[in-house]
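Participant: Here is what each chain is made of, one letter per residue.
Protein chains: 2
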Amino acid sequence: MTVDARKAQVIPVEASRYLDLVAGKLEATEKVFHRCLASDVPFVAAAGDYIFAGGGKRMRPALVLLTAQLLDRDGDEEVTYAAVVELIHNATLVHDDIIDQATLRRGRPSVNEVWGNSRTVLLGDWLYTTAMQMALSHGNLDVVRRLCTATLRMTEGELLSLESQGRAALSTQDYFRIIDRKTAELFAAAASLPALMEPVEPVHGKALERYGRSLGTCFQLVDDLLDFTALEDDLGKPVLSDLKEGKLTLPLILAMERIDAGRRRWVEWVLEDRAFHRATAEQILEIVHGEGTLDEVRELASGLAREATSELELLPPCDARDALEAAPHFVLHRRR
Amino acid sequence: MTVDARKAQVIPVEASRYLDLVAGKLEATEKVFHRCLASDVPFVAAAGDYIFAGGGKRMRPALVLLTAQLLDRDGDEEVTYAAVVELIHNATLVHDDIIDQATLRRGRPSVNEVWGNSRTVLLGDWLYTTAMQMALSHGNLDVVRRLCTATLRMTEGELLSLESQGRAALSTQDYFRIIDRKTAELFAAAASLPALMEPVEPVHGKALERYGRSLGTCFQLVDDLLDFTALEDDLGKPVLSDLKEGKLTLPLILAMERIDAGRRRWVEWVLEDRAFHRATAEQILEIVHGEGTLDEVRELASGLAREATSELELLPPCDARDALEAAPHFVLHRRR
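So the sequences go chain by chain: A and B.
Sequential numbering of the first sequence, starting at 1, is according to the working numbering.
Sequential numbering of the second sequence, starting at 1, is according to the working numbering.
Hints are computed from structural coordinates only; laboratory data are not their basis.
Idealized CB from N, CA, C, for every residue including glycine.
Any given hint might turn out to be false.
[Stated by the list, open to error] Pulled a few chain A residues facing chain B out of the computed Cβ check, cut under 10 angstroms:
{"id": "1", "residue": "Val44"}
{"id": "2", "residue": "Ile99"}
{"id": "3", "residue": "Asp100"}
{"id": "4", "residue": "Tyr128"}
{"id": "5", "residue": "Leu136"}
[Stated by the list, open to error] Cβ-to-Cβ under 8 angstroms is the rule here; a few derived chain B residues that face chain A:
{"id": "6", "residue": "Thr129"}
{"id": "7", "residue": "Arg145"}
{"id": "8", "residue": "Leu160"}
Sequences and hints are given; from them, build the entire structure.
Facilitator: Structure representation (structure tokens):
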């Protein structure tokens, strides 16, 4: 499948209208992203092409480019940072897939599945370092520092998630602590980077950080919902895969407090077995539907989407602001 | 064992005399190194303490500090960079140990052996990113860029090494291409970083890069020799472990071109089996002793040590220069 065909599948038509605002810059970002994956080490070049061809929603680059436009920046700098953010995102994905022993990513075999864990560890390192090297190219230290912090927080988030794996007693607080670092952090960084470019805009920067953080948290809640509700084909990976990886997400965390010990055992069995042996997928789905926690999580996600939008109120009204205001809506109603 | 006791074991008495020149700064580096391993994620804090307590020769920090003194720099900056270089070195070690499935490092169970591969992948990411974050703290972009390049080259070196694993037909050229990136690159960066500090000294910087590169190459040749000649106890890991990991190093590469097909098969068997099943360790040692390639490699290492020393001729004579001139001697005659 071509990148364009893949994108057409993942980006709803109504969102395309907003993305048209930064279409030229998104295209430039793709070029920079592809170019920086080049290497004289044959495996890196091959895996780089594979990752590029795999596409993706490019949400984080779009965030960088739209907030740059909102703040009236128009240069090469935001294009570089958009590519850097996508590089960092992909570096975390290849390492996370090793850890989760994931065999599928975006509907294709994962990098670790194709090339093995050893090469994939080093590819992740290479991607992270290439991202930093590119981020340095415009000489803006504050931007590089923000990206370093985001990368550190994401790594810590993944570690906290790993520590919680298999635990049936995860609290709502634990859950939000993990997804704040694992997912929301890079959204916050992406949305606020352009405020660190000259002329620096600290007040707008803070609002955009909060916007990105709410949007990222909303994104993760929806991601976790989709693991219960999506069709396998739509998602490019099996449903209920979180639970099978030993990860309890919000719909089940909320339900666990309310159900009887017998049904709690069903969940514990899947966490222990990492498979549906002693309890079935249907039984698990019955729990979240019965307790109504999918609807509750959707409600929480809606609240976060509204919070994100409200952060933009003090920013200058313009087409880019309209697009950023609409983004939470698309995140909320996405199907993959 | 305490860090001091461990260090006393690994640093020869005569070398200590030279290291006394930067004793205060080395101590400050240890403190910075230890402090930057702190984290609110319990595993990172525990693994950080474990790595710190494991000690190490701290050769790369010593290189940074001695060249800084040679160039008359005296501040906090070189201490930070010394700690950063040691952090990067340790990040590569923890990821390399995953890849090599190493169970021992510095005479103790490796991080992956204690905490498993998944956590160790993320710990490596955390160490790399913390290193970059610290490197940024003095606002010297050229230093951060040099460290990024070194990290990229090291990752590529490890990838090339991985690609060559199990290959019996490795050429001398392949070998040097790998060790230049895998080992010499960080020595070159460490030795030349202080020339990138204000006032920048491009000419001295180039000589120091070459010094570090020759010293690092020499260091790796000696490392590869020790894998044939050291006692297991001295090295903190089994002897002939390179071959058992499928890695052909220079003593065997040189011998392979000269021996008959029957003895070449011995080497190929160990590379295939990753164990001494069809050929014994004694048979392998017989090859390198019989062909005299250990002596040849030692001769090459001596040449590199002399080259390193000669690079310092144009630099101002002082105690630090004496120490840097003596360093190749210690690298050459080290026993671990």
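Participant: If a hint holds in the structure, say so; if it does not, say that too.
Facilitator: How the hints compare with the structure:
Interface restraint check for Val44 (chain A): the shortest CB-CB distance to chain B comes to about 7 angstroms, inside 10 angstroms, so the restraint holds. Interface hint status for Ile99 (chain A): upheld, as the beta-carbon distance to the closest one in chain B is roughly 4 angstroms, under 10 angstroms. With 10 angstroms as the threshold, the beta carbon of Asp100 (chain A) comes within range of chain B, its nearest partner Cβ sitting at about 9 angstroms, so the hint holds. The closest approach between the C-beta of Tyr128 (chain A) and any C-beta of chain B is roughly 6 angstroms, which is under the 10 angstroms cut-off, so the hint is satisfied.
Taking 10 angstroms as the C-beta contact cut-off toward chain B, the hint placing Leu136 (chain A) at the interface holds, the least distance being around 6 angstroms. About 5 angstroms separates the beta-carbon of Thr129 (chain B) from the nearest beta-carbon of chain A, less than 8 angstroms, and the hint is met. At about 6 angstroms, the closest approach between the beta carbon of Arg145 (chain B) and any beta carbon in chain A falls short of 8 angstroms, and the interface hint on this residue holds. At a threshold of 8 angstroms, the smallest CB-CB gap from Leu160 (chain B) to chain A is about 6 angstroms, leaving the interface hint in force.
Consistency with the previously given hints is maintained throughout, with no hint failing.
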